[in-house]
Amino acid sequence: MNDHFLLMVIFSALVSLVFAFIAKIDARQRGKYFLYIFCCFVLLSVLVGWLMYPFPF
Amino acid sequence: MDMESLPEQVEPIAQVEPIAPAIRVHAGILKTFSACLFGLLIPGMGHAILRKWDRALVFMGSITAMFAFGLFLNARLFNPDFSDIFSILKFIADAGSGLLYWLCWLRGLGTGAPAAYTYDFGNVFIYTAGLLNMLVVVDAFDIALGRKP
Numbered sequence: 001m002n003d004h005f006l007l008m009v010i011f012s013a014l015v016s017l018v019f020a021f022i023a024k025i026d027a028r029q030r031g032k033y034f035l036y037i038f039c040c041f042v043l044l045s046v047l048v049g050w051l052m053y054p055f056p057f
Numbered sequence: 001m002d003m004e005s006l007p008e009q010v011e012p013i014a015q016v017e018p019i020a021p022a023i024r025v026h027a028g029i030l031k032t033f034s035a036c037l038f039g040l041l042i043p044g045m046g047h048a049i050l051r052k053w054d055r056a057l058v059f060m061g062s063i064t065a066m067f068a069f070g071l072f073l074n075a076r077l078f079n080p081d082f083s084d085i086f087s088i089l090k091f092i093a094d095a096g097s098g099l100l101y102w103l104c105w106l107r108g109l110g111t112g113a114p115a116a117y118t119y120d121f122g123n124v125f126i127y128t129a130g131l132l133n134m135l136v137v138v139d140a141f142d143i144a145l146g147r148k149p
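Those sequence lines, one after another, are chains A and B.
Our numbering applies: residue 1 is where the first sequence begins, and numbers increase by one.
Our numbering applies: residue 1 is where the second sequence begins, and numbers increase by one.
Note that these hints are calculated values from the structure, not bench results.
What you are looking at is a predicted structure, and each value in this text was computed from that prediction instead of being measured.
Do not rely on the hints blindly, as some may be mistaken.
[As the list claims (entries may be wrong)] Within a straight-line C-alpha distance of at most 20 Å, the following computed DMTMM-like cross-link-like pairs (lysine to aspartate or glutamate) qualify:
(1) B:LYS31 with B:ASP142
(2) A:LYS24 with B:ASP54
(3) B:LYS148 with B:ASP84
(4) A:LYS24 with B:ASP142
(5) B:LYS90 with B:ASP120
(6) A:LYS32 with B:ASP54
(7) B:LYS148 with A:ASP26
(8) B:LYS31 with B:ASP54
[Said to hold, decoys possible] Derived Cβ-Cβ restraints for the label pairs, each shown as a range:
(9) A:ASP3 with B:GLY108: 34 to 42 Å
(10) B:GLY28 with A:VAL9: 39 to 47 Å
(11) B:LEU103 with A:MET52: 32 to 40 Å
(12) A:LEU6 with B:LEU57: 23 to 31 Å
(13) A:ARG28 with B:PHE82: 43 to 51 Å
(14) A:ASN2 with B:ARG107: 23 to 31 Å
(15) B:GLY108 with A:LEU47: 39 to 47 Å
(16) B:ARG147 with A:ARG28: 34 to 42 Å
(17) B:LEU37 with A:ALA13: 27 to 35 Å
(18) B:LEU145 with A:ASP26: 28 to 36 Å
(19) A:LEU44 with B:GLY108: 23 to 31 Å
(20) A:LEU6 with B:PHE82: 35 to 43 Å
(21) B:ALA65 with A:LYS32: 18 to 26 Å
For each residue, glycine too, the CB sits at the ideal point set by N, CA and C.
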């Protein structure tokens, strides 16, 4: 399991699941919130990765 | 103003029942304390004591899975070392998982392989599992005090 992206997706899914169950009560709201946090995790990680690309360290 | 045009009797305004505030049910000191204590020891157990079964299952499953993933990814379980601030913080984050951490540590698991490709990822998984468990205990505390349904 050497794929960083896959590990990041697994990490995001597990953390988003816990956050959704802590923050929301209704099942539908939990689903929406889970998707929202999960997408934020993944998209922002990729974005920050590209922003760091020019730096040599 | 012509007084005859006014109605003789004014209809009384219907009494509106005030909206009842959310009922706060305090779980009791003993139950609150045991929910926090067992929640710290076993992820999700605090919610199970408060009979929030769905949350208990999700928290137990997610946090245990994160911890197991961390070990699988060659992470290191940091010892109770109080020599510098970073060691203390790493230990606190790791030990937040409760018995998961202590049992694995006592059995000598999680020695870590810093040269492994996934070492840092594994550490992050284990730190996050511990920190999430602390957050889950705070959530159980709020539920026990009736601040949350």
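The hints, checked one at a time:
no.	hint	verdict
1	B:LYS31 with B:ASP142	holds (12 Å)
2	A:LYS24 with B:ASP54	holds (12 Å)
3	B:LYS148 with B:ASP84	violated (38 Å)
4	A:LYS24 with B:ASP142	holds (14 Å)
5	B:LYS90 with B:ASP120	holds (13 Å)
6	A:LYS32 with B:ASP54	holds (17 Å)
7	B:LYS148 with A:ASP26	holds (13 Å)
8	B:LYS31 with B:ASP54	holds (19 Å)
9	A:ASP3 with B:GLY108: 34 to 42 Å	violated (29 Å)
10	B:GLY28 with A:VAL9: 39 to 47 Å	holds (42 Å)
11	B:LEU103 with A:MET52: 32 to 40 Å	holds (38 Å)
12	A:LEU6 with B:LEU57: 23 to 31 Å	holds (25 Å)
13	A:ARG28 with B:PHE82: 43 to 51 Å	holds (46 Å)
14	A:ASN2 with B:ARG107: 23 to 31 Å	holds (26 Å)
15	B:GLY108 with A:LEU47: 39 to 47 Å	holds (41 Å)
16	B:ARG147 with A:ARG28: 34 to 42 Å	violated (23 Å)
17	B:LEU37 with A:ALA13: 27 to 35 Å	holds (29 Å)
18	B:LEU145 with A:ASP26: 28 to 36 Å	violated (21 Å)
19	A:LEU44 with B:GLY108: 23 to 31 Å	violated (38 Å)
20	A:LEU6 with B:PHE82: 35 to 43 Å	holds (36 Å)
21	B:ALA65 with A:LYS32: 18 to 26 Å	holds (23 Å)
Going through the hint list in order, the structure does not satisfy hints 3, 9, 16, 18 and 19.
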